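*Asks:* So the protein lines, in turn, are chains A and B. Sequential numbering from 1 applies to the first sequence in this note's numbering. Sequential numbering from 1001 applies to the second sequence in this note's numbering.
Hints were generated in silico from the structure; no laboratory data involved. Any given hint could turn out to be false.
If you anchor each label on the Cβ, the simulated ranges turn out as follows [as the list claims (entries may be wrong)]:
1. Gly1030/B to Phe28/A: 18 to 26 Å
2. Thr1086/B to Val107/A: 28 to 36 Å
3. Thr1059/B to Ile48/A: 37 to 45 Å
4. Ala213/A to Ser1082/B: 50 to 58 Å
5. Ala8/A to Pro1060/B: 20 to 28 Å
6. Met1038/B to Ala94/A: 45 to 53 Å
7. Tyr146/A to Gly1074/B: 42 to 50 Å
Fair warning: this is a prediction, and the values are worked out from it, not measured in the lab. Glycine included, each C-beta is placed from N, C-alpha and C at the ideal position.
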Amino acid sequence: MQANPALAHQFEDAAQQRDAATLGMWIFLATEVLFFGAMFLGYTVYRIGSPHVFQAASNHTLVLAGTVNTALLLISSFTMVLGVRAAKGLRPRATAGFLALTALLGVVFLTIKGFEYRHEVYEGLWPGHHFHIDGMDSPVARMFFYLYFLMTGVHAFHVVIGVGMLSLFTLRALFGFQPAKLVTSVELLGLYWHFVDLVWIFLFPLIYLAGRAA
Amino acid sequence: MNSVKHYALVTAGLLALLLLTVGAAYIPLGPWNTAVAMSISVAKGLLVILFFMHARQATPLTRLFICAGFFWLGLLISLTLSDVLTR
């Protein structure tokens, strides 16, 4: 009776199972939209209150590192979507290759972010007791850097989870015995990875570019 | 629709928009700098959601849930700003 081992018994067919899984993933991502959305809202409210301090504080971030990191994440979305495509084509070796490449780009992103954090902590921009920034309303500038560390930190945490899952799925693709079982899982991981990219697409201009013309 | 060439074009578009947003940030446009940056981010976000996340090929029910997430985000931001911007 059980013709397709990848099909759970509650579903009529593989297409219904796949649609249900995709819907579930998007429901999770909708909660993530609101989770990050609250922090974006906090940023917006504080920036409306003190636009010039936010712009000046933003100019203390490393715009080259941020731009390179944005490009890395965009390219990693390309390798991710190629991994999803390879999984759909039941090509496990190609799937593993693209997932590993995506994970590697994630690791390079995190490494650059780490060097940025180190630079900012040395500059005294960590929003603790020793925070200092020359010629500026210090509490508001500190709020910018509080939001900076919070938002990029939570985002980086998502990248870490993504890199872990990508590594796990690379192994599953290499050593799994049923490529068909992997297809939906890789698709859902792709949705997660692209979402993390999407968050960064909005973070990048707000954090790095806010005051460059001022 | 899901060919490598197609995905490569979307990626090239995303990278071009990245260069555009960085370039535009250095041109003094006053309050328009933020508007331009956010418009470019929305364009990039749509490319990612429609082509990489395959929202175009999603079932109507899934599309409804995708829109619902962003609808609530819109409510969160617009209702808060209706207070902040009118003080």
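*Asks:* Confirm or reject each hint.
*Replies:* We went through each hint and held it up to the structure:
Roughly 39 Å separates the CB atoms of glycine 1030/B and phenylalanine 28/A, a value that falls outside the hinted 18 to 26 Å. Separation of threonine 1086/B from valine 107/A is about 46 Å and departs from the stated range, judged on CB atoms against 28 to 36 Å. Distance hint check: the CB atoms of threonine 1059/B and isoleucine 48/A are about 39 Å apart, consistent with the given range 37 to 45 Å. At about 28 Å, the CB distance of alanine 213/A to serine 1082/B disagrees with the hint of 50 to 58 Å.
One distance hint, 20 to 28 Å for the beta-carbon pair alanine 8/A and proline 1060/B, holds here, with the actual separation near 23 Å. For the hinted restraint 45 to 53 Å between methionine 1038/B and alanine 94/A, the CB-CB distance of approximately 37 Å leaves it violated. A hinted range of 42 to 50 Å is violated for the C-beta pair tyrosine 146/A and glycine 1074/B, which are about 25 Å apart.
Hint check: violations occur at hints 1, 2, 4, 6 and 7; the rest are consistent with the structure.
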